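K.L.:
If you read the sequences in order, they're chains D and X. Under this note's numbering, the residues of the first sequence are numbered 1 to 305, in order. Under this note's numbering, the residues of the second sequence are numbered 1001 to 1305, in order.
One or more of the hints may lead you astray.
Here are the simulated distance ranges between beta carbons [stated by the list, open to error]:
1) X:Pro1231 - D:Glu194: 29 to 37 angstroms
2) D:Asp257 - X:Asp1180: 32 to 40 angstroms
3) D:Asp207 - X:Asp1206: 54 to 62 angstroms
4) X:Lys1274 - D:Glu11: 49 to 57 angstroms
5) X:Asn1129 - D:Gly282: 22 to 30 angstroms
6) D:Ala242 - X:Asp1275: 48 to 56 angstroms
7) D:Asn3 - X:Lys1274: 41 to 49 angstroms
8) D:Ser132 - X:Thr1130: 28 to 36 angstroms
9) D:Lys158 - X:Arg1186: 33 to 41 angstroms
10) X:Gly1025 - D:Gly282: 51 to 59 angstroms
11) D:Lys7 - X:Lys1274: 41 to 49 angstroms
12) X:Glu1038 - D:Glu194: 47 to 55 angstroms
13) D:Leu182 - X:Asp1206: 36 to 44 angstroms
Listed below are the simulated BS3-like cross-link pairs for lysine-lysine, each with C-alpha atoms no more than 25 angstroms apart in a straight line [as the list claims (entries may be wrong)]:
14) X:Lys1224 - X:Lys1198
15) X:Lys1088 - D:Lys123
16) X:Lys1007 - X:Lys1094
17) X:Lys1010 - X:Lys1251
18) X:Lys1096 - X:Lys1158
19) X:Lys1034 - D:Lys123
20) X:Lys1151 - X:Lys1123
21) D:Lys34 - X:Lys1123
22) X:Lys1280 - X:Lys1034
23) X:Lys1088 - D:Lys88
24) D:Lys10 - D:Lys232
25) D:Lys88 - X:Lys1123
26) X:Lys1228 - X:Lys1010
27) X:Lys1198 - X:Lys1228
28) X:Lys1277 - X:Lys1055
The hints are simulated quantities; they were obtained by calculation from the structure and are not laboratory data. Just so you know, these numbers come straight off a predicted model, no measurement behind them. Think of the CB as a built atom: it goes at the ideal place given N, C-alpha and C, for glycine as much as any other residue.
Spelled out from the first residue to the last, the chains are:
There are 2 protein chains.
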Amino acid sequence: MINKLVKKIKETNAPVVVGLDPMLGYVPEHIQTKAFEEYGETLEGAAEAIWQYNKGIIDATYDLIPAVKPQIAMYEQFGVPGLAAFQKTVNYAKQKDLIVIGDVKRGDIGSTSAAYATGHLGKIRVGNNTYSLFDEDFATVNPYLGTDGIKPFVDVCKEENKGLFILVKTSNPSSGEFQDRLIDGRPLYEWVGEQVAKWGEDHMGDDYSYIGAVVGATYPEMGKVLRKIMPKSYILVPGYGAQGGTAEGLKPYFNADGLGAIVNSSRGIICAYKDDKYAKFGAENYADASRQAVIDMIEDINSIF
Amino acid sequence: MINKLVKKIKETNAPVVVGLDPMLGYVPEHIQTKAFEEYGETLEGAAEAIWQYNKGIIDATYDLIPAVKPQIAMYEQFGVPGLAAFQKTVNYAKQKDLIVIGDVKRGDIGSTSAAYATGHLGKIRVGNNTYSLFDEDFATVNPYLGTDGIKPFVDVCKEENKGLFILVKTSNPSSGEFQDRLIDGRPLYEWVGEQVAKWGEDHMGDDYSYIGAVVGATYPEMGKVLRKIMPKSYILVPGYGAQGGTAEGLKPYFNADGLGAIVNSSRGIICAYKDDKYAKFGAENYADASRQAVIDMIEDINSIF
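Please construct the entire structure, taking both the sequences and the accompanying hints into account.
P.N.:
Written out as structure tokens, the structure reads:
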């Protein structure tokens, strides 16, 4: 799957992933109204609204980008119907040949991580039948529990030809509280980065490992160090745009081959129609606004090469 | 909710929580057969089987214990139908006046943690209606992202009178890989423990904070230190029984008042009927075996006082 991701990034010339992180307040009025007419002002109605909203964005952008990254929390907040909308979104994006990075940030003791890995990347047997579940292509994982919390995910990735992005240095303001603390003179995130590189050695694609890392765009100096520590790990970079990361700051996350990083934008793309810059499209044409925002983002990022 | 937890622990004289972590292989044949007859060998059939299995265990133990802790990964591995079984299990346990600790180990940047907090502990507005979602009483949370990943959970806990258990030192063998690393001469888990105590000051019940900690039974020496660092935090202690933690080792997790800790057992209770010690009950009476295992566990733990 990492080979497919690299291939699609080259084809689209877009090291970009669109974060499908819908809040109900983002969904244009006309979509909400239609969904509520059909399902009432219910969780099912909300789930239908965010699904239709996502579908519009996917339809308007799938030819420009290699991947989407739905953030499962935004679906979980609508309970079981929300999670059904997550599943529909994953399935539809894959139908459009997009790679799906499930931003699930799971992680637990071994037996529990194995269950999460099954749910998000694997298959389960029920009697004589075998079922895929959420079936993302990549999942994000939290490293706090160490190797035995990660290994079950790696095992399923090997079986299913899938991949991971493991949290190393997150984009949020207080990420340094624990991640930046010095251990034998080096910050925790470097130690985690070294482990990611080690876990990744065991599961290599052609040029890059199936086991990647998450490093926030908001900390370019740290991105530079981590790029060197994990030369074969793809870096998923959140925090561009709405969170404050700039294109110029993204340089250190890429290798000399112009590869090695994929930059996420969520609100900047999916809420483009609410931005003054794209307001001319209007809420009815929110998906066209998202398309233009993707084009502009790709241009912005490619300007650094 | 922490006051209710303390009250129920005193009433039952049982600082014990039953982990409802069903694998399909744990579910006795007769329950599987019935569920598959009704729903086929499908995800819905599997979800029905684990729900009926849970219901049997809850019915057989609810009068003995203060709380249950369903591990959401075990439900997520059956996709959307599995999560519907999780919700049914939470609702049913609450009907039986059990406190429900959702073992979800979520945690992300602020806006995303807010969505998780809504989904697991809060309410959401859809048009003119307001809905509860999974609606657990407590949730477990991962601290790797620092304060701004925790605060949205604390905020929802204040609104909804609910609580958290934050991972400090986990029970798994490789938990030390990052958690034990020394920072200014003290292990990371102590720094996390200090933050848990600080986060908890802001949301106190009568004697204990709404913000508790997870510390594995498998590391009693560390439990002793953490007990002192977080005197007002309830400690959720996994790892007793199947993972190797002993009753004698649990002493340091409790305060002098005999309170301050609640010990989880999952496989040891829910799979008791597969254990030689309880085999006489037979698979048909698996719930009676679980009841006896709970009685024995309570006696074992109370022997340390």
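K.L.:
Now tell me, hint by hint, if it's right for this structure.
P.N.:
A quick look at each hint next to the structure:
1. X:Pro1231 - D:Glu194: 29 to 37 angstroms: Since Pro1231 (chain X) and Glu194 (chain D) have Cβ atoms about 36 angstroms apart, the given range 29 to 37 angstroms holds.
2. D:Asp257 - X:Asp1180: 32 to 40 angstroms: This hint holds: roughly 37 angstroms between Cβ atoms.
3. D:Asp207 - X:Asp1206: 54 to 62 angstroms: 59 angstroms, holds
4. X:Lys1274 - D:Glu11: 49 to 57 angstroms: 52 angstroms, holds
5. X:Asn1129 - D:Gly282: 22 to 30 angstroms: 28 angstroms, holds
6. D:Ala242 - X:Asp1275: 48 to 56 angstroms: Given about 53 angstroms between the Cβ atoms, the range holds.
7. D:Asn3 - X:Lys1274: 41 to 49 angstroms: 43 angstroms, holds
8. D:Ser132 - X:Thr1130: 28 to 36 angstroms: 34 angstroms, holds
9. D:Lys158 - X:Arg1186: 33 to 41 angstroms: 37 angstroms, holds
10. X:Gly1025 - D:Gly282: 51 to 59 angstroms: Once the Cβ atoms are compared, 55 angstroms apart, the range 51 to 59 angstroms for Gly282 (chain D) and Gly1025 (chain X) holds.
11. D:Lys7 - X:Lys1274: 41 to 49 angstroms: 48 angstroms, holds
12. X:Glu1038 - D:Glu194: 47 to 55 angstroms: With a Cβ separation near 51 angstroms, Glu1038 (chain X) and Glu194 (chain D) satisfy 47 to 55 angstroms, so the hint holds.
13. D:Leu182 - X:Asp1206: 36 to 44 angstroms: 39 angstroms, holds
14. X:Lys1224 - X:Lys1198: 18 angstroms, holds
15. X:Lys1088 - D:Lys123: 23 angstroms, holds
16. X:Lys1007 - X:Lys1094: 16 angstroms, holds
17. X:Lys1010 - X:Lys1251: Status holds; Cα separation ~17 angstroms.
18. X:Lys1096 - X:Lys1158: 24 angstroms, holds
19. X:Lys1034 - D:Lys123: Since the Cα atoms of Lys1034 (chain X) and Lys123 (chain D) sit roughly 23 angstroms apart, the hinted pair holds (cutoff 25 angstroms).
20. X:Lys1151 - X:Lys1123: With Cα atoms ~17 angstroms apart, Lys1151 (chain X) and Lys1123 (chain X) stay inside 25 angstroms; holds.
21. D:Lys34 - X:Lys1123: 23 angstroms, holds
22. X:Lys1280 - X:Lys1034: 23 angstroms, holds
23. X:Lys1088 - D:Lys88: 22 angstroms, holds
24. D:Lys10 - D:Lys232: 17 angstroms, holds
25. D:Lys88 - X:Lys1123: 23 angstroms, holds
26. X:Lys1228 - X:Lys1010: 22 angstroms, holds
27. X:Lys1198 - X:Lys1228: With a Cα-Cα distance of about 13 angstroms, the restraint between Lys1198 (chain X) and Lys1228 (chain X) holds, given a limit of 25 angstroms.
28. X:Lys1277 - X:Lys1055: 23 angstroms, holds
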